[in-house]
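This is what each chain is made of:
There are 2 protein chains.
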Amino acid sequence: MSTESKVDVLIIGAGPAGLMCAQGLNRAGVKVRIVDQRPKRVAAGQADGIQPRTVEVLQSYGLAERLLREGNQLHMAAFYNPSPNGGIERTDRTPDVTAPSARYPHEVTLHQGAIEAIFVDSMRERGLEVDRPIIPTSLELSTEESELKDPNAYPVKVELKHLEDNTTETVRAKFVVGSDGAHSWVRKTLGITMDGEQTDYIWGVVDMIPDTDFPDIRNRCAIHSNNGSCMIIPREGDKVRLYVQLSEKEVHVDPETGRVDRKKFGPEQVMEVARKSLKPYYIDKVGEVDWWTIYIIGQRVASKFSAHERVFIAGDACHTHSPKAGQGMNASMNDTHNLVWKMTHVLRGWADISLLKTYEFERRKYAQDLINFDKKFSALFSGKPRTEDNQDGVSHEQFLEAFQTFGAFSSGIGIHYTSSVVVQPAHQSFATNQTVGMRILPHVFIRAADARPYELQDLLPADTRFKILVFAGNTANASQLDRVKVLAENVETGVLKKFGNEVFDILSISSAHKEKVNYTDLPEVFRSHWSKVLLDDEDMFKRSGSGKGYEYYGIDTEKGAVVIVRPDGYVGMIAPFEKVEDIETYFAGFMIPRS
Amino acid sequence: MSTESKVDVLIIGAGPAGLMCAQGLNRAGVKVRIVDQRPKRVAAGQADGIQPRTVEVLQSYGLAERLLREGNQLHMAAFYNPSPNGGIERTDRTPDVTAPSARYPHEVTLHQGAIEAIFVDSMRERGLEVDRPIIPTSLELSTEESELKDPNAYPVKVELKHLEDNTTETVRAKFVVGSDGAHSWVRKTLGITMDGEQTDYIWGVVDMIPDTDFPDIRNRCAIHSNNGSCMIIPREGDKVRLYVQLSEKEVHVDPETGRVDRKKFGPEQVMEVARKSLKPYYIDKVGEVDWWTIYIIGQRVASKFSAHERVFIAGDACHTHSPKAGQGMNASMNDTHNLVWKMTHVLRGWADISLLKTYEFERRKYAQDLINFDKKFSALFSGKPRTEDNQDGVSHEQFLEAFQTFGAFSSGIGIHYTSSVVVQPAHQSFATNQTVGMRILPHVFIRAADARPYELQDLLPADTRFKILVFAGNTANASQLDRVKVLAENVETGVLKKFGNEVFDILSISSAHKEKVNYTDLPEVFRSHWSKVLLDDEDMFKRSGSGKGYEYYGIDTEKGAVVIVRPDGYVGMIAPFEKVEDIETYFAGFMIPRS
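Residue numbers (my numbering), protein chains in the order written: chain A, 1 to 595; chain B, 1 to 595.
Read the hints as simulated data drawn from the structure, not as lab findings. Any given hint might turn out to be false.
Copies of one chain are not kept apart here, so a pair can be met inside one copy or by any two copies together.
[What the hints assert, rightly or not] No more than 30 angstroms apart at the CA atoms, straight line, and that leaves these computed lysine-lysine pairs for DSS-like:
#, residue 1, residue 2
1, K516, K276
2, K579, K559
3, K516, K239
4, K285, K516
5, K516, K279
6, K249, K375
7, K532, K276
8, K264, K375
9, K285, K485
Fair warning: this is a prediction, and the values are worked out from it, not measured in the lab.
Chain A extracted, bound-state conformation (with noise of 0.2 angstroms):
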């Protein structure tokens, strides 16, 4: 007995990368289903870090509030290098994060069982689970053109069988996604091959509770001893991760797998290398030790990244690396991310089907330089310190440059979108400071009505409508707000009537003085609520760093500039008042016009 149904969204894999994908759909009514083969969450250990993009990006969907409640913040990095004396002593301290736009200046660590439950939890609220065990056993794509060009078609059939009682069932759905980790068994079925390679750096890890005297244990520590390399990542709680340099004297490679034989070591050897890094300090754990693996950087990223623009991959399917700059699970949540908005507004007829291609685009580029930045962090890592003895070793002052020039990338604030469809700089000089094809930049602004001040992140969120935000300059002007007048006039009749209100959420920002201006003075296509004026201004006790907001974008502040934001929170495009048409052109590069 087999079933069959039909899906719009049908994601095959639950980790980070899918339950992104599956509550960004949800959350956007998109009918979805998602399936992984794990019978339960993972309880403990994997990937663990949040980077500060990401926590900017969980918050636009309302789900950085339980993350930041429930993990531990990085804030501090120690590095320590051998002592003249033995042992290691500390070289430096310094921001975790050099990334000065970051709303959130600091990573957060949780484990990736607490972060899924996130998700988990906020789709139950809306009614959809995960099923599970699931896997898939088949994968069929049209070859009809009119089929895969048709958004309403269902082109792609699986065959599901549950594992908990053999069943199997039938799924057609509109689109698949496959965010079924590093041996992606989607990727395999379309037969994209994985390009780059492994390398010869071993590591283990070690999440446990410390007993220790070692001063820097609640910071993240880069350790080069001359016993090898070590990496410290405080974790929610008491908990702590170690990442421990490893040997092939060490441990055990098997020449036909190329993976690390487990039984001859395990977690004990691994704090035993830790305890010798370490001196003169002493680590020993409080009771069991919570996870542990070892493994072999391996440093790829998938050729492709759809088939037809109808089976995606996203996540650890199409790009590994080292987890060492707490990468992996960013680089997943974002491809999806990236991914939803579009999906959604093909899904909708809001889009042409084309728009899909940009998914790809986008993220395969940031795959890449992903792999290179990781590339050379972790030679560097890896590599011996400086010391008298070895001259040719990585010296603190390398490590340092490179820890901080990787970190606006590290961090997710430095992902730039390039020209395409969606991402159009033509007019980037009327926000000089607000790049078009990165997010936009968080900055505090008072409401006109009520002077509470407000994070712009904040309104708006990835609700899958782009948003207008209207530089309205200084409307205590009398000829600018003339001006203003025209500019709604040209955008009620131009692209709200060709694309549609519910596209678009229009916010309007006034450089004028919170004393003096009434947000009724705008004129209502800019006001649809009496929330949707802001003000550049200084809030009431001059506390939450609101004001010279025109500044920090590089806008002027009498004529203003119009900025559009993306759905997933990153600049599309950027106009004067005089080049409205532009707008319109931008839009109707990807998007299907009224009638």
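Following the hints, put chain B in place on chain A, whose structure we already have.
For chain B alone, kept in the frame of chain A given last:
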């Protein structure tokens, strides 16, 4: 059939005072029962303003987050006066709150039912429900001196009647709290009189969603018009509350009862008066009126707040006044916040029963100050505005000065408990800016172990423990570190040994720099966990406002001082390191030494 049961504390009345009391005692593990005569919680209207200090207090119980999420915030106040052209015009906009040290520099508005729900839901999680509808029918207090002085005795006997099935029961309680409102049955039963009088100010109140072109509809507005005064309080969602001054000409006051005849004057009439006062702006309502009332201001304080410190009254049962400064709910919750820890300490056998005398001492003085404040503020608010024709009227400058002068008081930030067994100001000079008897000033410090910024108030939860804040001075200096070690030994062998570790939570705050200091430097008694050591330094990104804390509190950066914070967040005493014996003397004044 009548049942009989025993309880530590019986609370009569589940309004804000009763609920604060119940949740606090419940959280502290006290056996508590709370009954109310209403079959259901308040659904709309009633009190709605939460002042800055009350938000701090709610935060100390972990309840502020929901309040802030659901409530509206008032940041700006606008003042309107008669325009020479007829109607009104805006005279000024100022901060709504004038208390620079307020952690939350705004009022929060949310209807009483939603605020009660925060308490009720939090209690439910811990297994405590409000029993309703129930009324007390008799209350007997033992006259035996020995029983009255014995904290383990049950000297109060209360008969309760269940209104739904007319059954009765007898409850024997160690303590009873009467938080049963302005017409308190408990107060009347104890024969406690109310001192004060009724005014001739009559006000109408309407809650509704407005349709208006008035540009300050989302600010708190004080409007003095020639048609009478009016106050606007924006509320959660799009709701707004209007307070409208009425005259005896407009409403009929029954000379017998002193109450307004509600048959002849309703919400439409109140709206009509508001409409006239707001001209030239128009105001109407969208849909139905949410809630309304008319009242005559009474200003009274109960002559006593307890009978033999076994039966207490709290909230509206002890004080009535005008609602316009948004004080009612705040005074009520802070009454029982003051009482909860004292009762808990007595019930646990930690403190002598005489500690409970400080409840009336501290809260009755506050209530009297409140009435004095209210008299002045109401007179100014209800007074005619100064105009060309009425030079004796209230000028804007006069009103604004009063508004700002009273700001510290009305925000709750200015509450100052004077000398008593729990307030010992002898060593005030060792923390010149932190007044003994006032709440601990909020300030951000960073944790020594991980440089994460924390608001100090968040580390001082209302968990019934006294907090010992060891401002350890410059611990990078060896001789100062020696002083700290001596202090640690004195605290360990003195206060901790004498009164028990479980009564105290110790935090240490070093003034040394984050790049150099190790949390492991501090003596163990001052770092029972790695999170217990703080630094007075800027965070890694200089964003949280941390740093210069010693200066802010007026404490010597090199030499430090010890600050004792009561379980309710008020500073009980300050001592230099060398006067550690005075700390013992302070606690010996109301606590019972072990063995």
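Hint check:
1. K516 - K276: Close across copies (24 angstroms), not inside one copy (67 angstroms); limit 30 angstroms.
2. K579 - K559: Within one copy only: 13 angstroms inside, 64 angstroms across.
3. K516 - K239: Between copies only: 24 angstroms across chains, 53 angstroms inside a chain, cut-off 30 angstroms.
4. K285 - K516: between (62 angstroms within a copy, 26 angstroms between copies)
5. K516 - K279: between (64 angstroms within a copy, 20 angstroms between copies)
6. K249 - K375: within (23 angstroms within a copy, 85 angstroms between copies)
7. K532 - K276: Answer is between; shortest inter-copy Cα gap is 29 angstroms, intra-copy 59 angstroms.
8. K264 - K375: Within one copy, since 29 angstroms is at most 30 angstroms while 82 angstroms is not.
9. K285 - K485: Intra 67 angstroms, inter 28 angstroms, cutoff 30 angstroms: inter-copy only.
Every hint from the earlier list agrees with this structure, and none is contradicted.
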